[in-house]
Amino acid sequence: MEGLVARGVSKTYRGQRGTVRALDNVDMTIAKGRLFGFLGRNGAGKTTFIKISSALLMPTSGTVELFGLDVVRRAGEIREQIAIVPQEAKPFYHLTPREHVQEYLRVRGVSPEAAKNRADEVLTAMGLQAYQSMPAMILSGGLQQRTLVAMVLATEAPFLFLDEPTLGMDPFARRQVWEVIRQAARKGSTVLLTTHYLDEAEQLAEELAVIEGGHVLYQGSAEALKSKVRREVRIQFSGGFTAQELGRYGDVYPDRAGLTLLTTRNVVEELTQRALERRVPVNVGPVTLEEAFLTLVGRAIEDEDPEAAT
Amino acid sequence: MTWKSQAVAIFRICYFNGWLGLRRSPIAFIALFLTPLSFLFFLYVIAPHSVLPFGVVGGIMFSALFTGNAMMNDCAYLRLERQIQQIFITSPLRPMSWILGMALSELVFTIPGLVLFFAVLFLVVPVGILTILALVGVVLLTWLMATSLGFLLSTFFRQLREIWPIGMVVFTSLSVIPPIFYPIAEIPATFRWAAFLAPSTFASQLAVRAAGLKVPIIGSAPFLSSIAFEVIGLVVLTLAFTIASMRLARWREP
Ligand SMILES: Nc1ncnc2c1ncn2[C@@H]1O[C@H](COP(=O)(O)OP(=O)(O)OP(=O)(O)O)[C@@H](O)[C@H]1O
Ligand SMILES: [Mg+2]
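In order, the protein sequence lines correspond to chains F and A.
Residue numbers 10 to 319, in my numbering, belong to the letters of the first sequence in order.
Residue numbers 244 to 497, in my numbering, belong to the letters of the second sequence in order.
In short, the hints are calculated from the structure, not lab data.
Honestly, I wouldn't trust all of these hints.
[Stated by the list, open to error] Cβ-to-Cβ under 10 Å is the rule here; a few derived chain A residues that face chain F:
(1) Thr245
(2) Asn316
(3) Pro335
(4) Arg452
[What the hints assert, rightly or not] Ranges of calculated distance between the beta carbons of each label pair, as one might list FRET restraints:
(5) A/Arg401 x F/Ala233: 39 to 49 Å
(6) A/Gln402 x F/Trp187: 29 to 39 Å
(7) F/Ser70 x A/Pro465: 31 to 41 Å
(8) A/Pro408 x F/Gly177: 30 to 40 Å
(9) F/Arg50 x A/Trp407: 31 to 41 Å
(10) A/Arg401 x F/Asp314: 28 to 38 Å
(11) A/Ser281 x F/Arg50: 31 to 41 Å
Where a beta carbon is used, it is the ideal one built from N, C-alpha and C, also for glycine.
With the hints as extra help, turn the sequences into a complete structure.
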């Protein structure tokens, strides 16, 4: 059985200022137990998709099934299986991180002892033990966000929706959260995660989807995305080349030392050879997911509106 | 989740939202009983002392009715500003349990004020155990009605800014204009029926009866002056608000 199957999902928001088509015929499949990354620019439709899939928002058309249950008609059963970190939710002012985690588990039907043990584990894993008895109102923004994420990850719900869970967290905290997310996935949870930190997506996600303007542009692995956009290697040239000369091999942009070229594997030898002849130092490495993402989405924007992209 | 776990969940919400909230910011409950207490003080200063018992019962009913205002504010706040309601409703917790848990926490906030007014009632009229029980019953029914109305109203808001003026208008007109703080007998006999246009009048008349104060004839039909009319009115309103909020609640945005 699949974790999530979306078929032809569309959403049009209607308001006083006209209508917005946030999702347009989205098809997506997430295998059960997969840690799935959902990427896209601001306003691309990620939160809208998560809200529909977690029974918080009605789709305009199309269906989403979670573990084979239709999210519109079987919302009650689906709520037994899910937990969600909404984008930009905030904790209760007066409760401590421990109370948030423990009380939320109790509300979800976990026994007092199990809730306490689970809270111990999660608070430690997320670096919150030093703050566990402080009311949320005196915690910093990143610590408040960690509290919410701890609450939701502690549930180990079969399907976890995480909408920008690491927003505003420091690099140490992010890594702690990654580890807890991985652990949930290892224990069998299916995870749908959105993030604008593409290093995070690369670290965590076994599979990705990229959405732009309500359309899914890509679904597959990060590596396959790089091949798909024909940007597998980055070559940094410390001088000696012009942007024009390199432009025919791929995307060129200036960096601190000279120029960076994003291109395919097969031209590496030719170009490094030429650089050696000109006695120019080069640096060859893999393209990051962020670079592949920029290329993919950049091209989609260009197709849509050639003026805007230049 | 079983019924037992739902009951535990309701109790936990009441504990962390109501009891812990009260313990950690006591100013909130002082604010709640300060308004009815000042009304009572004015009555004491300017009105004949025979109306005073009505003022005390009025204070009790005002407190019970304002749980609705608190409910409206809290529910809209947790849904729109904190967005933490979303975390609670995307869980095995039933929507009705969330509403009940929230409503119970509002009751917790009101208990200190209620205790105060009950104490004052002892001073102004002879009250027996039956009076207390009857009044507590009326307070509980009123609380159910007011909080279900409060929740219902909270579901209409899309922004927090709209909420303060609307709360003032709705709950002040429910508790100040109808005969809550004054005897219904003050209204000319031909218009007394009109007081029942306010949903709060059923409850306040029941409370006046429960406290053993005098209730005048309401209209030509004897049913209008009967306790059955008031009980039925209160129960029907409570059910109507609850059913409407279950249907209209934004568990899922349109
Ligand atoms: N309640 C709403 N009413 C009207 N339009 C909305 C509403 N919510 C979202 N939109 C619009 O729908 C589109 C998709 O928004 P959505 O929040 O799903 O984007 P997102 O991918 O989550 O963006 P971000 O990365 O900024 O969180 C945007 O154009 C947005 O303006
Ligand atoms: Mg979003």
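The hints, checked one at a time:
Interface restraint check for A/Thr245: the shortest CB-CB distance to chain F comes to about 8 Å, inside 10 Å, so the restraint holds. Restraint check, A/Asn316 versus chain F: the minimum CB separation of about 14 Å is more than 10 Å; hint violated. The interface hint given for A/Pro335 is met, as the beta carbon of that residue sits about 5 Å from the closest beta carbon of chain F, less than 10 Å. Against a cut-off of 10 Å between C-beta atoms, the interface hint on A/Arg452 is violated, since the closest Cβ of chain F lies about 39 Å away.
For the pair A/Arg401 and F/Ala233, the beta carbons lie near 42 Å from each other, so the given range of 39 to 49 Å is met. Checking the proposed 29 to 39 Å range against A/Gln402 and F/Trp187 shows it holds: the Cβ atoms sit about 35 Å from each other. For F/Ser70 paired with A/Pro465, a C-beta distance near 58 Å fails the hint of 31 to 41 Å. For the pair A/Pro408 and F/Gly177, the supplied restraint of 30 to 40 Å holds, since their beta-carbon distance comes to about 33 Å.
For the hinted restraint 31 to 41 Å between F/Arg50 and A/Trp407, the CB-CB distance of approximately 36 Å keeps it satisfied. Remark: the range hint 28 to 38 Å for A/Arg401 to F/Asp314 is upheld by a beta-carbon distance near 31 Å. Distance hint check: the CB atoms of A/Ser281 and F/Arg50 are about 55 Å apart, inconsistent with the given range 31 to 41 Å.
Checked against the numbered hints above, the structure violates hints 2, 4, 7, 11; every other hint is satisfied.
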